[in-house]
Amino acid sequence: MSIVVENISRRFGGFTALDRVSLETKPGEFLALLGPSGSGKTTLLRTIAGLDFADEGHVLFDGQDMTGTPAAERRIGFVFQNYALFRHMTVADNIAFGLTVRKRRDRPAKAVIAAKVAELLELIQLPQLGDRYPAQLSGGQRQRVALARALAIEPQLLLLDEPFGALDAQVRKDLRGWLRRIHDETGLTSIFVTHDQEEALEIADRIVVMRGGVIEQVGTPREVQAEPATAFVSSFIGETNCLPVTRASGSAMVVQGLAVLPDTSRGEGAGELHIRPHDVELAAPGAPDALTVTVVTSRPIGRSRRITVAMAGLAEPLTFDLPVDASAATGDVLNLRPTHYRIFAKI
Amino acid sequence: MSASNPTTHESRWARRTLIAVGFLFLALFLFLPLIMVFAGGLAKGWQVFVEALVDPDALVAIRLTLLVAAISVPINAVFGVAASWAIAKFDFRGKSLLISLIDLPFSVSPVVSGLIFVLLFGAQGWLGPWLTAHGVRIIFAVPGIVLATVFVTFPFVARELIPLMAEQGRDDEEAARSLGASGWQTFWHVTLPNIRWGLLYGVLLCNARAMGEFGAVSVVSGHIRGLTNTMPLHVEILYNEYDFVGAFAVASLLASLALVTLGAKTVLEWRFGIHRAGAAH
Chain S
41 MSIVVENISR RFGGFTALDR VSLETKPGEF LALLGPSGSG KTTLLRTIAG
91 LDFADEGHVL FDGQDMTGTP AAERRIGFVF QNYALFRHMT VADNIAFGLT
141 VRKRRDRPAK AVIAAKVAEL LELIQLPQLG DRYPAQLSGG QRQRVALARA
191 LAIEPQLLLL DEPFGALDAQ VRKDLRGWLR RIHDETGLTS IFVTHDQEEA
241 LEIADRIVVM RGGVIEQVGT PREVQAEPAT AFVSSFIGET NCLPVTRASG
291 SAMVVQGLAV LPDTSRGEGA GELHIRPHDV ELAAPGAPDA LTVTVVTSRP
341 IGRSRRITVA MAGLAEPLTF DLPVDASAAT GDVLNLRPTH YRIFAKI
Chain D
747 MSASNPTTHE SRWARRTLIA VGFLFLALFL FLPLIMVFAG GLAKGWQVFV
797 EALVDPDALV AIRLTLLVAA ISVPINAVFG VAASWAIAKF DFRGKSLLIS
847 LIDLPFSVSP VVSGLIFVLL FGAQGWLGPW LTAHGVRIIF AVPGIVLATV
897 FVTFPFVARE LIPLMAEQGR DDEEAARSLG ASGWQTFWHV TLPNIRWGLL
947 YGVLLCNARA MGEFGAVSVV SGHIRGLTNT MPLHVEILYN EYDFVGAFAV
997 ASLLASLALV TLGAKTVLEW RFGIHRAGAA H
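Residue numbers (this note's numbering), protein chains in the order written: chain S, 41 to 387; chain D, 747 to 1027.
Quick caveat, the hints were computed from the structure, so don't treat them as lab data.
Worth double-checking, as some hints may not be accurate.
Unchecked claim - Label pairs and their in silico Cβ distance ranges: (1) S:Lys150 x D:Ile765: 53 to 63 angstroms; (2) D:Leu866 x S:Ser62: 50 to 60 angstroms; (3) S:Ser77 x D:Pro939: 30 to 40 angstroms; (4) D:Arg942 x S:Ser62: 27 to 37 angstroms; (5) S:Asp105 x D:Gly915: 27 to 37 angstroms; (6) S:Lys150 x D:Leu1008: 37 to 47 angstroms; (7) S:Gln104 x D:Gly915: 28 to 38 angstroms; (8) D:Gly915 x S:Ser49: 56 to 66 angstroms; (9) D:Leu772 x S:Arg147: 50 to 60 angstroms; (10) D:Ala828 x S:Arg147: 25 to 35 angstroms; (11) D:Ala828 x S:Lys150: 30 to 40 angstroms; (12) S:Glu159 x D:Ala828: 35 to 45 angstroms; (13) S:Gly68 x D:Ala828: 37 to 47 angstroms.
Beta carbons are placed, not taken as given, at the ideal position from N, Cα and C, and that holds for glycine.
Whole structure, please, built from the sequences with the hints as guidance.
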């Protein structure tokens, strides 16, 4: 199913959670809403689910306007951060809930429901645990049961709100890959909210980066990493070094003219130069497009050498990765030429 | 909760003294009076005790007390659940005012609570003339007693449920809604089971107070023997007439009702405690 969100705005008192947000998903896509807390990502997800309603704008499912339709009638699967399993029901009853509450004429026979529950328990790899209560399960198992419960109603759309937020690191990692496989097997359109960029980069087809109630960029994991649209996206996703520049007629002067780089941002005045740690190479002394820096620390990490360097005119040290055999000892003066960089207008 | 606290190191002697003082205090101020009530009732033998209870006026008082509890407890259970639901699960203007209002019956003296109804519905009250003209009696009649009891016992269920429902949040209800459940199904299959022990506990406390309320009921009842006397009022009348055995006999029945409630409460607390520990994430 394809989802279209058109100019959605939502205010809570004086706080603007969403400010004219528009978004489109493709059928079968796995989309991540990524952003810091307060960016509006959860509000957007809840608005799509019908658990929250926008002050302005529209939500369309396959071209059909669902803006005012309550959650119960949207046929969506929603997975909560804290599982929200019904604690007084067994795992099997939890999974069956969406089917047993249907009106009599739509409700499947008892045997059909039981078969469906067994099939879903198999899918979440907990076939023996149907008679347990949620309190008797681990966090990871609970979240898998919550997913099975959401899938039981055969939703058109799967929405997950920080699904792994309450789990420890190793379980998160395992469940991530597993969730992606479930998504691929069921062919559902899925949207999940996360503040963990690693999670989004690892399993999403496309990532929606949000901040302060607006979408900063929508792109594939490669796009948001290699071609960040804004300074925020660049510094939020992955490591980046941020240097002040002055832009004038197509060139950018780094830190009061200590280096001059070609400027592609087509702007004038103050800007920000973003360089990823591994996007530098050693240059000859005196090269005009290289940064002259002094090595502060230097240590080999895996196949590269991580150095932190001080640069005249900058208070904060910069971090770069060189080939592991590069000669860079503490106190050495190096000339580093950025091989790939982006320049943004100063925010 | 662990019973032993490793940071305190009182000697065994100090601990025993504290426990002994606790028990002595309880014995002196709770058990002893309770025993005296039963002893006073049985002072002239079983026969007199039973006679005091089957006295027509006593029977009317017992019946009225049970009737008032049977009406006011369900009313407060329903309104308590509704009020706690509204307070715990929604944000709206005037929410803190509503919370203060729920506590009002606890902070106001029961006598004042009774007077409120006399001022409203009494012969000289605001609605008095209209009620008299239409032949409706509220003050010095059963409706007034029910109203006063409902007022005084309102906070018990709501106070018990608000923190419980606030702690549980809206996730379970939202999950049920997203799975296609109607509002009623969500309440019946998800909300009610989540609050059942707290609700039952609140209902028991509410019931104990409804049967035992004296002040507010005393103001609105008019103490008409065989008509508007509840058990606590009947005890007072008998006592004032120096019928000590009768007074103590009815009082011991009232105390027994309270003890049954207390027993039920203890059993529930035990169940409730286990349930809550099991539900902890």
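Any hints this thing doesn't respect? Which numbers, in order?
-> Of the numbered hints, 4 and 8 do not hold.
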